[in-house]
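Using the sequences plus the hints, can you model the full thing?
2 protein chains.
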Amino acid sequence: MKIASLTLAGLLALSAMAAPAVLADNHGGTKAAIEAVDAEFEAALAAGSASRLAGVYTKDGQALPPNGPVVSGRKALKEFWQGAVDAGFASVELETLELEAFGESAVQVGRYILKTADGETADVGKLMIFWKKEDGEWRWHRDIWNSSNPAK
Amino acid sequence: MKIASLTLAGLLALSAMAAPAVLADNHGGTKAAIEAVDAEFEAALAAGSASRLAGVYTKDGQALPPNGPVVSGRKALKEFWQGAVDAGFASVELETLELEAFGESAVQVGRYILKTADGETADVGKLMIFWKKEDGEWRWHRDIWNSSNPAK
Numbered sequence: 000m001k002i003a004s005l006t007l008a009g010l011l012a013l014s015a016m017a018a019p020a021v022l023a024d025n026h027g028g029t030k031a032a033i034e035a036v037d038a039e040f041e042a043a044l045a046a047g048s049a050s051r052l053a054g055v056y057t058k059d060g061q062a063l064p065p066n067g068p069v070v071s072g073r074k075a076l077k078e079f080w081q082g083a084v085d086a087g088f089a090s091v092e093l094e095t096l097e098l099e100a101f102g103e104s105a106v107q108v109g110r111y112i113l114k115t116a117d118g119e120t121a122d123v124g125k126l127m128i129f130w131k132k133e134d135g136e137w138r139w140h141r142d143i144w145n146s147s148n149p150a151k
Numbered sequence: 000m001k002i003a004s005l006t007l008a009g010l011l012a013l014s015a016m017a018a019p020a021v022l023a024d025n026h027g028g029t030k031a032a033i034e035a036v037d038a039e040f041e042a043a044l045a046a047g048s049a050s051r052l053a054g055v056y057t058k059d060g061q062a063l064p065p066n067g068p069v070v071s072g073r074k075a076l077k078e079f080w081q082g083a084v085d086a087g088f089a090s091v092e093l094e095t096l097e098l099e100a101f102g103e104s105a106v107q108v109g110r111y112i113l114k115t116a117d118g119e120t121a122d123v124g125k126l127m128i129f130w131k132k133e134d135g136e137w138r139w140h141r142d143i144w145n146s147s148n149p150a151k
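Residue numbers (numbering that gives the first Met the number 0), protein chains in the order written: chain A, 0 to 151; chain B, 0 to 151.
Source of the hints: derived by calculation from the structure; they are not laboratory data. Where hints are given, some of them may not hold.
Identical copies carry no separate label here, and so any pair may be met within one copy or between two of them.
Straight line, CA to CA, 30 Å or less: simulated BS3-like cross-link-like pairs of lysine-lysine [as the list claims (entries may be wrong)]:
1. LYS30 / LYS132
2. LYS131 / LYS151
3. LYS131 / LYS58
4. LYS151 / LYS30
5. LYS132 / LYS151
This is the structure:
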């Protein structure tokens, strides 16, 4: 992963995302449950815990990160997120722009702001997460994102 | 958009994606209908038609491209894809790795291979598309992707 500075283009991208076409508000309980899991991911990164970061995914969960292969399963996800911790990513804010639930599945569109330990914005971008309820808990099943900053 | 050469990392990423955890095969008619729309996107790029590329999306569809802001609505999508045509992207192959349908919504996880007019691979990557059925036709509602090649 690379650390990119916050640019005007990034800010424009952010502001373009501030007005989502549809913000589903009809999944009250599900939205709260899902945002609690996102909050756990935020707390896990703040704690530098790759195990907790991987624990947010389903057992056969996958991350589809930019500029790399698919990361499949908790063990590989733990290694992947350990790499992010080691690279100096110290906190992230996840924001839901749209959420639609379909029984035990859900789709979330959102944005992220990734920061370094000194509070500097490392990256801002967009995400889509395909959620599954597993053993009664909402989990990230497929997780893809990309930066809104210009390619370096 | 940038044209990146096919690298070993890209090939590894591709091979890692060749074994999806789950390939839903229980949506026969929907899968065929959805892949016909993907085929229209492929044909539209081969024809260099930004209008047809934009027409694959819902009326308030959004593309979430790497290294740029969200692109909202058919007019902006047409401009965005015209930019891709102008940049020399001449063909794309879209492959479904996973597909799950929920009534009038569906989630597709896949991969793409983007080529220039001389047949050279410009980029390989991963995608997630949130589909909606609109006026009886399956359309891309939210479309996010990223490259599997290393950042340049």
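Hint check results:
In this assembly of identical chains, LYS30 and LYS132 lie within 30 Å of each other by CA distance both inside one copy and across copies; the values are 13 Å within and 23 Å between. Proximity of LYS131 to LYS151 under the C-alpha cut-off of 30 Å is found in neither arrangement, the shortest distances being 34 Å within a copy and 34 Å between copies. Within a single copy, LYS131 and LYS58 get their C-alpha atoms as close as 10 Å, and across copies as close as 28 Å, so both meet the 30 Å cut-off. Taking identical chains as interchangeable, the C-alpha atoms of LYS151 and LYS30 are never at most 30 Å apart, the minima being 35 Å within one chain and 37 Å between chains.
Taking the shortest alpha-carbon separations for LYS132 and LYS151, neither the intra-copy value of 37 Å nor the inter-copy value of 37 Å comes in at or below 30 Å.
Figure legend: structure checked against the earlier numbered hints; hints not met, in rising order: 2, 4, 5.
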